Every structure is written in structure tokens, then in C-alpha cells.
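Dock the two chains into a complex; use the hints.
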Amino acid sequence: MTSGLDSIHWMTLVVLGPLVASMVALAGTPRTLRLGLALGVGSVLVGVGGLWLTFGGGDPVLRNPLGGWGAPLGIDLRLDGLALVMLTMTALVGAAISLYSTAYFGDISFLPLRDSPAGRGARFFAPLWLLLWSALNGIYLSGDLFNLYVLIEILGLGAAALVTLAVTPKATVAGMRYLLVSLVGSLAFLMGVALLYVVAGTLSLELLAEEGLQGPLPAAALALMTVGMAAKTALFPLHAWLPPAHAAAPAPGSAVLSALVVKGSFYIIVRLWVDVYGVGPGPAVFVLGLLGAGAILWGSILALRQRSLKRLVAYSTVAQLGYLFVMFPLLVSGDGGGWNVDAWTGGFYHALSHGVAKAAMFLAAGSMSYAVARDDLSAISGIAHRLPMTFLAFGLGGLSLAGIPPSGGFVAKWLLLRAALADGGWGWALLLTLGGLLTLAYVLMVLRYAIDRTDPPTTFRPVPRRMEWTAMGLALLSVLLGFRAVEITELLAGALP
Amino acid sequence: MTPLVAWEALPLAVVLSSLVPGIGIMLLGEEAQRARITLNLLGAVAKVVLVGFMLQGVGAGASYAWRFTVLPGLEFSLVGDALALLFVTLSAVLWLVTTVYAIGYLEGGENRRRFFSFFSLCVTATTGLAMAGDLFTFVLFYEALTWATYPLVVHRGTPEAIQAGRRYLVYTLVSGTVLVLGAVWFQVETGGVAFQPGGVVDPEAAAAQPGRYLALFLVLLAGASVKAALFPVHGWLPVAMVAPAPVSALLHAVAVVKAGAFALIRLLHSLFGIEVASDIGAAGIVAVLAAVTILYGSIRALNQDDLKRLLAFSTVSQLSYVALGVALLTPTAQIGGLVHLVHQGIMKITLFFCAGLLAHTLGVKKISQMGGVARRMPLTMMAFTVAALGMIGIPPVAGFLSKWYLGVGAMEAGMPWVVGVLLASSLLNAAYFLPVIRTAYLDATPDRWPSEGDARFGRIEADVRLLVPALVVALLALASGVFGGSPWSPLGWTELIVGRGDL
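Which chain is which? The protein sequence lines are W and A, in order.
Here the first sequence stands for residues 6 to 502, numbered as in my numbering.
Here the second sequence stands for residues 978 to 1480, numbered as in my numbering.
Read the hints as simulated data drawn from the structure, not as lab findings.
Hints may contain errors.
[As the list claims (entries may be wrong)] Which residues of chain A face chain W? A few of them, derived with a C-beta cut under 10 Å, are: (1) V1047; (2) L1158; (3) V1445.
For clarity, every value in this text was computed on a predicted model and none was experimentally measured.
Glycine residues also receive a C-beta, built at the ideal position from the N, C-alpha and C atoms.
So that you can see chain A by itself, here it is in the shape it has in the complex (with noise of 0.2 Å):
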């Protein structure tokens, strides 16, 4: 097989697929309708085509990448290797299906042009992070995630909006300036930021100072950690669902969450090593807090009445599995971690869309008021079926493949208190997940829903923009775990990198 592209710059062409529609549309009018859609989808569908040619070319060995000096020493780098792509397809693809979806919720609505600017900006922030080739230009993109997705967090502009806004300003620009702070502090006693497969620090120099390296560890931890929504850090996250439906599915599937589980693989694999991480007992301090910060989110999903507060505990803990299983020292265990970075990344997405399309057409938001809602949005409600099955880990949704490789990973490690973590956790997303699915489908349909738009949609349940992305994410959760044995699925593609060696 040989790579259909070649053309080394395409990572910056990824990169630009998102920016230059994303200032296209600040720069149209409010109410250049037409323009701003097909702006958007051209990006968007653009992106993915992009991206198809980059995985077809890693697949069969080339290499993308592009730099520019900005400073002597540093560099603006751009590298589309195959963990590289485990991460930006999945930005890719969901935010093709988000970008639709939010067509249809928001398009009605009021500062739409800000909106999706800023919402292609997000997502360029989050490519271009995910093909960074080095620790500058991680920071780079990390920190303009953070203003990129503000104006969306905020965007409704009620009270409790910009609140949770400032929180997750606060929250998010304190983290990343400490991680300036640990980069440069990286660079100063490594002498380069580069990320190499297996790390760039070197053994002996950690073996004989692990004090030191640790608190340069820990420096970069916390500033990768509030992103990545561990405990005790992760308390912007549930606050933050007050965004519409879309801005939650991108906070936590497909960008800012998934940009901090990946800040914590890039600092574990790609610059320490995990081998290094592991002796100067980095390693297990992110396991630990991982296996806290799965219980924690769990407990406290447990009793939510909001359903997008639910979904966003769930998150806390369903985003730990990452963290998990990539600082763990065994190959299956970090196939696990990784491969969920995707897993959960669709399950999560789906379930959003979900209580969206709920929230947008019924005016459901409450677990109280879900009453026979399934007998109402069939369709909705058996994505969301899917979807939450599989993050309890039922076969043959995804959530099961990624919870396997964990627990064996975690055997082989020697470590069983992780299979106790991961048992636990499942029982407890049973047992918030399962009554919320038996209420959907059991309980007696109430006689008004609170408050049913006036817009019909023929025999259709909900609006096809909102209905049809949750449909195709679902399925994608589904096939994912059904179709785990090929090459070219999540778990195929992470095994590749893993036994590449490229992590």
C-alpha cells in the first residue's frame, strides 16, 4: 500500500480546514444564513477528507510533518503520526456530526455568527493541538482552546452562563499558565520540548535526581489536569453544562476534556517515557488520582434529577479510564486507556445529542420529567440506550472493549485494586444509567411535556438535524465495539500505534 498524499504540510492543511472558515464567518454578517452553512460544512467535511488521506498514509508509513521556526530553539510544529490521528480523527469526525446538530438547534437563535465562528475556532484549537509535534506548540493551541470555547460556555448570556463562564475561565488560565511555567521549566532541564515516542528525558538523569523530575512532573500535571477534569480539579466541568447541547458535546467528547486526557498521554508517553514516569512514581500518582476521580464522578452522577449534570459527572469519571490506563506500565492497559480517549469520546456525544434533541423538542431536562419520554422519541431514546448501555460496559457497545483491555492490562500490571476500580464504576454507572433508561420507557407518559415547540415534524419524532447526528454517533458506538477486530477501527488503529511503538 503507499499513501495516496504525500504533501508533507498536510497537519497545517487540517489545521486551516477549521480556521479559515472560522474567520470567514466572524467576517460575513449575522445574517449571511446560507454563507455561514456552507462555510461551516465545507470546513468541516473538509476536515474529515483530510484527515482520510493522512490516516491512509500512516497506514501504509509516511509521515506528515510541518515546521516553522518562531523562536531559535522552538519551533511551530505540526505532525500527523498515528497517536497524533487517533485524537484528530475523532475531532474530525464528531465535529462534522456536531456541527450539523448545532445547525439544527441553533440556527434559529440570536449571535449566531459569533457562535459558530468561535465554534470552528474550538475545534482548529483542538486539531492543532492533537498534531502538535512539541510542547510549545501544545501550549499554543491548549491555551486557545481556552478563549475558543468561551463565547461558547457563555453564550446564552443569562447570569448562571457567564458564572459558569468565569469558572472555567478561572479554572482553565490558572492551570495554563502553570503549564507555561512547567514547559519552559521542561525545556530548561531537558534542553528540548520535542515529543518522541517513549519519552525525551533521559533515564539516568531522572534516576538520579527523581525528586526533581517529579515536581517538574507535578508542575505540568496540574497544568494539564484541570482540562482533563480530575479530582479535585474538575469542578468547572459540571457547572458548564448550562451551554447549549452542542457546546457540551464539544466541551466533552471532542474537545476540551479530550484535550486534557490527551495532555496527560502526551506528558506520561511522549516526553517522560512511561518507563521514567513509572520509577520516579509519577505514574502512580496519576493512576491513583485517576482511580479517585472514577469513583468521585460516579457517586456524585448518582441522585443528579438534571440529566446534562449527570452526563457531565459521568464524564469526570468516564475520562479517568483514560488517565488510567495509559499510566499504567503494560501495553494492553494503555491500548485500553487510549482506545476509550475515542470510546468514550462517541458514547458521550451521543448521550448529549440525546438530551438535547430531549431538551430542544420536548423541553425535557429533568430525569423526573423523562417520564415514557421513549414512547414519545423512540429513536432518541434508543441512542441513548445504546450509548449509556455501553458506558456501563455491556457488550457489544464500545465502552465494553475499552473496560476489557483495562481490567486485563491492569491483571498483567499486577495491580487487581484497578479491576476493583473499574467493577465498582460499572456497578455505580449501572446504577445511575439504568434508571433513567427504565423511567424513559416505563413510567406513564405525562399529559403535557413542558414545553412542546409548535414546529411538527411529520411523522418524524424531532428535527432531522438533530436526530439524524445522534443516530450516526450511536451507530458508530455500536460498530466500534462490534466491528473492534479491524485494522481500521478505534482499537485496531490504537493497537497499531501501541505496537508501533509510536506512543
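For reference, chain W alone in the conformation it holds in the complex (with noise of 0.2 Å):
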């Protein structure tokens, strides 16, 4: 490397930069609420656009052990195009995020910090989101199991505290469950890491794909793990805790958990499953599957009985989490037992323009409910008039959910679609082509009432317009995934083992 920064100044830096910021914010003074958010956007930003120079070309994974303790003892940071696409996104949708909660959380400097719900929303919300951020960047960039169980456990931690920002009984409890939910799984894939490690000696990810783990405790290992960060995940049947804690959470609290804090779980999942284990076809990969449809189908249904805006938002994460467990069973029907590498790109493809398009949801469905100080559906009859751009936001970001072009999703949906195709399992395309009509008909559902005149609402507070046009941009993104996917695609390509 010729410049003097290489990619392990980058890769600390996205990881230590928001792990700063945050402690800055937690001084609490609105100056250094707003100096916390801007250094660890600030970080990021330049940190992952550093990596995007550093990466390319060459050997597909950058390995730095940090402080020179690399692997079997010390903290090792590897990146691999997978682990560079996420991390951009991450960057993206949380400076949307950081900078919609600047607004969402109003003019902080004359608040009571202590007393109101608003003021300890505000107080908190910037500290703990950005702690997340840290943890969720790790995770990405982490080369061994022990360290994600720490960031996983603080991310738990985290993301718990973030739904009882809220202090209504409602969410205390929500963020309770959440934390209890969190604990547990963390405890079981905690038990599967001491596992591993009495079998293998190593906790390594790379060393441990080496060992080419074979027999009964290495598979209980992962099915704890992996039970483990289902539930964290929100993985049908374990999905209980998601709708009410999302739903509970500030607006933007709610963006964070729903599009990031997740796939921060899933993307553990997927390291153990792809990368050190290397699952092959067989029942493991069908059940992860079937639980997935079940999420898909579930999911749907209950997002359409849903009489809340934002469980309504909520309810579609646990569906839409379901796409990324499809995934599994299709990516192992390559030619000749290898892996299907539309399976693979199409569903980080999802996960990506999920990532974007349901924080644009979350985030143009907390300026409703902002405008209106209510959450029910019917409380937002005839929004689309008072805040077009906002109800464009909420459309574009639910369309691409539905797949429909042009969009992320619908590239996605193409590519998973042609996954299943190849390989003749009609049965999986035809419950992605069932998913994406009941993700229509609930998108719609939100869009009649919204368009609806007859009843409109008696209080309207005007919604900043920093909070409508950052939902916005974050939509704008979710159809310009659609028009250009050849970059994100090979990258995602080069990282599959």
C-alpha cells in the first residue's frame, strides 16, 4: 500500500470512531449531542470510503490483526466485499437516520432533559444509537467468535434500552421482553462459542473453516448458535418480541432496529453457515427455509390485521427477515453441490434494500404519527395531502419491499426468483411471488388511508422538513438500488467461499 493509511486505519476507524462519538454524546449537553452525531457519521463516512479505496482487487478478504495481536489471541478485523457492502449501508442509512433525529427530537437545547419522555428520548437516543453503531460495524468487520459474542451481547444490550426511550409502561415492558429474548439468545450462542472452542481449540473464524467441522457436537454448537441468533433475529416462530419493541421505540429508534440491528445477527448466522461450517443440502438447510416461508407468510398476514402504523411497519421486518432465510435452502442448489450464487447476491441483495427502504418506511411513518401524535391507521386518514413527500417516501420505500420495479427489491426479487428457478423448486418461487402480492396488499392498506379524504385529522403539528426529505432520500435510494447492480453483486460474489 503506498498512501500511509491502509485499510486497518479505516477498519478501526469505523469501528472506534462511533464507539468515540457515543461517549462524547453522553455528556449530554445539546452541543454534545450534536457534536457526538456528527463525529460518528463523520467517521464512518470517511472510514468506509477509505475502505472502498483500499479494497479491490487482489485477495478478496483484508485481514488485520489489530494492535498486531492477530488470531488465535487477539482482536483480528478482516473485510471482505460482503462485510464492505453492509458496512455501507449501515454508513448510509445511519447518517439518514442521525441526521432525522437531529429534527425528530426537536430543538433539545430548551428541553427539560430530565423529565419528559421527549427529553430523555433526546438525551439518550444519539449515545446509545451510535454504541449500536459501533457494535453493528464491528460485528461486520469481526474475524472471531468471541468478539461477536461481545458485540452481539452489546448490541442486545443496546438496542433493548433503545425501545424504552419511549418510558410508557408499553414500552417498558416491550424493551423487557426484548432484553430477556436478547439475554437468552446470547446465552445460547455463547454456549455454542465454549462448544466450539472445547472441540476445535480456536475460536478463529478462518482457522475454525480450516478445521472442517464434522460430526454431533460441532452441530449442536452451531444449533445453538444458531437458535440463538434466530430469536435475536426475529426468525419465525421466535418473533414475538419484534412488532411490539420496534413499534414501541422512537421513530428513529425504531429505524435503527428494524433495517440495522438485525441483520446484525443474521449476518453472524450466515458467517457460521457459509463461511466456517460450509452447510451442504440437506434438512438443516430446508428448515431454515421453511421457518423463513412460515415468517414470509406469517409476517404478511399479521402486518394486514394490524390497526397501528408502526406495528403494521414492524410486522413487515419479521416478513421480510423471512427472504433472508429462503436463502439458505436455494443457496445450496448450485451446479455439482456448489453454492447458487443468485441465492447468495439476491438475498444480501434483499437484505440491503431492506435495509434502506424500511428505514425510509419507519422513518416517513414517525413524521406521520409526529404530525398527527397518534399511531393508528385511521389517524393518518388524508396525510398524503398535508405531507405529500413523506407519503411518496413511505410508497417508494413499501414498493420496493413488494419487489416492484424499478427498485432493490425488485432486483432482488430477480435474482432470488431465478435462484429458485434454476433449480426447478417452483415451490420457493411461488412463495416469493405470494410474499411480494401480500406485501402490496399491505403497503396499500397505508396508502388508501392515507390518500383518504373523507375523515381527515384534527391536529396537525408541522412535521421539519429535515425529517421528511432525509425518509425521502433514503426511498430515492432504495430505486436507484435498482437501476445499478453490477458493483454491489460482485463484490458479494467475491466474498462467497
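Written out as C-alpha cells, the structure reads:
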């Protein structure tokens, strides 16, 4: 590397930058809150930019032992195409959410910081979110299971705390439930990690992969770790905690949880199944796929039955996460027992577009609730005429989720369908098609309320413009993802072992 | 002859010429009437000019293509070939006149910004799918068309309009999803999605597995047939006539149903190839469905009192002439089908413009209210009569040529039953159009029209912004028939497409 700055510096920056920023924001004055957010967003954007410049060509994986301490003892950071894509998605979505939050929590200098729920949100949102951001980036880059355990624990604690920011009894209960699930999940994960350490004597993902793990004990370890992470990803039927928790958080928090946090634990499952174990065709992947199918159907049906806007969007997350698990049976269906690249790129393209689109939807839903000070669907009646840009943002995000072209969701759907049909997997193809129609149904249900003028809301609080255009920016990004997928799919494909 | 403009990206410019005004209008305020009209007309004129250059170029042997890789193996491609231009020219010309008409019809009303913005987006999607060089791009614009049209269908915001819009969405979205599924399957099965004259399906592969390829065809057909309003999935079209007249013109002549018919053409000719489609029995299915739809639509059009509803059922029927023609093996029948895509568009837009003129000027919406209306609005009814006679197939109006070629082609193909269908349909056309004309000319004029506005138009019978477009398209319908022998007429161009083997 000719430049003075190596990839290790950029990797360290994207992990430690938000962590330091979180400390700054924790000081809790309006000034440090803003400074913290600026520092976090700035360091991540610069870091990710640096990684884009240093990554590419040559070895598809960059390895960096932090502080010279490599595996098996120290902290190993590694970067591949998948990690880079996830880092970038998180950076863009995170930047938009950060901007949105500064407007959402109002002019915090005038708030009595301790007493009101809004004050509490304003006080603690930024530090918590920056901490989560640091943990997420760490998860993407981490090269060993112990670090992953520590980071996923931080992620779970921070996420549960984010839910309780609203200080309503409902939010507290939802947050505590989330915390419980999260802790039990981490515990299962830790047990799996310990078991694996006993068997293999290392926790480095790469060294474990070289072991060629076989036999009942490694399998049990994988099962434990997977169940733990699946609970945190709210995979059907372990999803019940998610909708109340995601719906209870303040709007920017909901976006963080639904668009980003759940991807962290999913990412770990993928690393384990694909990178470490290289699980082939068999009942295990089929079961994951079936659970994903259950999530798509059950999540969508429940979304259709919701009368609260944010809960509807949260159930949509349950359903959309299902697609990620449907990826597994498709993934092992490649020629001659190899990986099916379409399934892989399609699955992660879906993760990517869902992240962007879902954040847009939650931010837009937050703006609507902000305007009418309520969250039930009937309250947003006619809001399309008051907040056209927010309405459009919600609509575009929703249509991207449903796989309507042109959008990232459409590209993902095309790839997943191609993966399914190439192998004659008509069941999966029909499931994906049906899932798209169900998504359309619940998105259109919201849009119908929003354009209905018969019963306009009585109260209307003007929404800061920054909240409107950050959601719109993300929605447009989800559309743009449908125009150019070459670079991203190549990066993703390069990360497949 | 050399092409005047050899710029390869001309198709992209044609798409942008309505996309940019569409977005621009959305960003302008509701009250920026002058800027909105200027943008609209500039875009519409620019599109016609650009298409004119492309027509001249393709006539001179040039080709235009713009490609952009979306995914490895999947391209966003816009191609200006002879077949695409048939549809693009129709859309571009009719969009220009419809824009003028819509300004006259709606500029006084509400939500004009939304209306004109989506109006432009609708034509953007149409020209995009017309020039799509492959199935992927086609699907992209085909779906975009659904969303661009929906706000226009529900423009009035009445419960009736919302209901119609809902039906439209359910039909088109479900079929769109099926089309995507079929498109991906097609790619997996054949390896490519690019449109080719003569088709891309390997005849040997199709001969080895006819059932599999027929199933693939039927999935794609299910996706395409809703917008083409083929029986039994035509139900959204007659309901959607609650939309304002310019929108009906758009739905019936410029954009939506044309997109469906064009999808059938691409499916039969550019993907499967008509020989393969015939061998696996797919073309026969389309022909039979089309024949049934022709008769069904005509029968339903009888006894309608609502003028626009009558016209809607007439569209259901007439559109299937296109499907029928292109599903036959003989070039003559294919010419008849293709050219009817244009002829039907010109004649049907005339009829809808006239229906809109009657409703806008006098509040006349039902045939029973039309007694003697030709004395109050002679020019309007003259245009209406020309187009209606064309629909029946009376020379020298354009519709006659379509039917002539279709009938001759069917005889060449050894399918005399098609001629029977054509004759029966013409009789039915006469049976539902002639009474309308008789009422308008011969019945007594009522004392008061249902709602004659206060607006005075001098000695002219109606707002000129509505009347002139109607007369222009009526003249076009007449000219397309009279000058059918010219190489630049729709018929001449169609013969060029088929003669060159570009279908």
C-alpha cells in the first residue's frame, strides 16, 4: 500500500469512531449530542470511503490483527465484499437516521432534559445509537467468535435500551421482553461458542473453517449458536418480541432496530453457516427455509391485521426477514453441489434494499405519527395531502419491499426467483411471488388510508423539513438500487467462499 | 437516403423527453399553470420531433440502441427498431394531441400538478416499454405504467373512481407479478431475455418439450393479457371509464391496453417466434382467446346507454384484432394485426375525445341524451361519425384496411372461421355504433342539455382546445386509410416491418 493509511486504519476508524462519538454524546448537553452525531457520521463515512479505496483487486479478504495481536489470541479484523456492502448500507442508512433524529427530538436545547419522555429520548438516543453503530460495524468486521459474542451482547443491550426510551409502560414491557430474549439468545450463542472452543481449540472464523468441522459436537454448537441468533433476528416462530419492541421505540430508534440491528445477528448466522461450516444440502437448510416461509406468510398476514402504523411496519420486518432465511435452501442448490451465486447475491441484495427501504418507511411513519400525534392507521387519514413527500417516501419504500420495479427489491426478487427456478424450486418461487403480493397488500392498505380524505385528522403539527427529506432520500436510494447492481453483486459474489 | 441523426442514445432521449417534464411538474407548485403548460407542450413536441428523427433514421437503415448493465447478464436496453417505432410514433403523436386536450379539459380543476405529472410519467413508461430491447426492461416499464396510471384513474377521487382504481390495481398488479415470474423463468429456460426478430426460443428445445414451453408461454400470457384486456381478464377496463376523458384516451388508445397488445406481439414474435408458438399450440390459444374476446366485447357493447362504457367494450373487442392478427402465421394477417394497433388507437382516441367534448360542453354522457346533438355540435359529431364508421370497417377510414388484411391473411392461413368472426364483429359494430349516430343526427333536440356550461365559445361549438385535437385525430384516421399506400402511413410502415423480417 503506497498511501500512508492502510485498510487497518479505516477498519479501526469505523468501529472506534462511533464508540468515541457515543462517549462524547453521553455528556448530554445539546452541544455534545450534536457533536457526537457529527463525529460518528463523519468518522464512519470517511472510514467506509477509505475502505472502498483500499479494497478491490487481489485478495478478496483483507485481514488485520488489531495492535499486532492476531488469531488465535488477539482481535482479528477482516474485510470482504459482504462486510463492505453491509458497512456501506449501514453508513448511509445511519447517516440519514442521525440527521432525522436531530429534527425529531426537536430543538433539544429547550427541553428539560430529565423529566419528559421526549427529553429522555433526546438525551439518550444519540449515545445509544452510536454505540449500536460501533457494535454493528464491529460485527461486520470481526474475525472471531468471542468478539462476535461481545459485540452481539452490546448490540442486544443497546437495542433493548433504545426501546425503553419512550418510558410508557408498554415500551418498558416490550423493552424488557426484548432484553430477555436477547440475553437468552446470547447465552445460547455463548454456549455454542464454548462448545466449539472445546472441540476445535480456536475461535477464529478462518481457522475454524480450515478445521472442516464435522460430527455431533460441532453440529450441536452450530444449532445452539443458530437458535440464539435466530431469536435475535426474530425468525419465525421466535418473532413475537419484535413488533411491540420495534413499534414502541421512538421513530429513529425503530428505523435503527428494524433496518440495521436485526441484520447483525443474521449476518453472524450467515458467517457460521456459509464461511465456517459450509453447510451443504440437507434437512438443516430446508428447515431454515421453511421457517423463513413461515415468517413471510405469517408476518404478512399479521401486518394486514394491524391497526397501528408502526406495528404494521414492524410485522413487515418479520415477514421480510423471512426472505433472508429462504436464501439458505436456495444457496446450496448450485451446480454440482456448489453455491448458487444468484441466491447469495439476491439474498444480500434483499438485506441491503430492505435496510434502506425499511428505514425510509419507519422514518416516514414516524413523521406521520409526529404530525397527528397518534399512531393508528385511521389517524393518518388524508395525510398524503398534508405531507406529500413523506407519503411518497413511504410508498416508494413499500413498493421496493414488494419488489416493484425499478427498485432494489425488484433486483433482489429477480435474483432469488432465478435461483429458485434454476433448480426447479417452484415451491420457493411461488412463495416469493405470493410474498410480494402480500407485501403490496399491506403497503397499499396504508397508502389507501393516507389518501382518503373523508375523515381528516383534527390535529396537525407541522413536520420539520429535515424529517421529510431524509426519509425521501432513503426511499430514492432504494429505487436507485434497482438501476445499478453490478458492482454490489460482484462484491457480494467475491465474498462467497 | 442517410440518417439525419445517427446518435445511438436517441431512444433514451425519447424516454427522457417526458420523464423530465413529469418530474419537473411535480416539483412546480399547483398554481404554476403557465410553467406547467409550457413544460408539458415542450416535452410533447420534443418527443414527436425526436421520434421523427428516429423514424427517418430507421427508414434509412440506421439502428438506435442504448444499453446499461444492471446486473451481470441483465441489461437495461432501449432499442429504436422498426417495430418499436410503430408503437412509439403512435404514442408520441397521440400524446401531443392528448396533452392539448387535457389542458383544455382539466386546467380549471383540482390537483392539476399531480395529474399532469403522472400523465407525463404514463407516457414515459409507454415509450419505454415500446422501445425495451429485452424482457427485463419491458417488465420494468410495464410495471411502472401501472403505477403511473393509477393516480389518473382515481383522479376524480369519488368513491366510484377509488373503486375502479382498486380494481385496476388488483388486476394489473397480480398480472404484473405473474409476468415477473414468467420473465425469470424464461431467462432460466432459454438463457437470455433479449428480444430478437423471429424469437429467441430454440425450436429444437421447444419441439423436445412442447408442454414445458407451452406452460412457460401461458405464464407470460397470463401476465400480459390483463393489460391487453383479453377475455376473461378484461373486467378492469369498462370500470375504469369513470376516469376523465383524456385519461380514457390514454388508457384506450395511447398507453395501457396498447402496452398489453404490444406485450402479446413481443411474446409471440420476439421471444418465442411465431413458428415455435404455433408448433407448441400457443398461437392457436391466443387466436381463439382473441376471437372470443372480439365477439364478447361487441355483444357487451350492444345495449349500453353510457357512451363511454360502450366505447370501453368496443375497445375490449377491437384490441383483440391485434392479438388475432399477430397470432396467425401469414405475413398478411400479421400486417393486419400490427397496423390495427395504430388504427384502433387513432380511431378510439377520436371517439373518446368526442365523448369528452359532449360531456364537457353539454353534460351529455348517455346515448339517450344525445338526441339531435349533431345539430348543436356538428364538427364533434362529424369526427365521431368518421371514427365510428372506421371501427365498423367502412372504407376509406383506417379500420377498413386492418380488417381487409386480417381477412385476406386468415384465408391465406386456411382459417376461414376467422373471416366469419370478422364479419360477425363488423355487423355487431354496426349494430352498436349506427344507432348512436342515428340518434345524434335524426332525433329531436331536447329543450335543455343536461348541464350546458356558462362558458361561451363564440361561434364555435366548444372549447377549441378540445375540438381541434378531436378533429386532428379524426383526420388522421381518415388519412391513414386514404393514404394507406404511402410508405410513411401506418400500413406502409407495417409492411416495411414485416417485409424486412423485423417482426
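Hint check results:
1. V1047: 6 Å, holds
2. L1158: 5 Å, holds
3. V1445: 34 Å, violated
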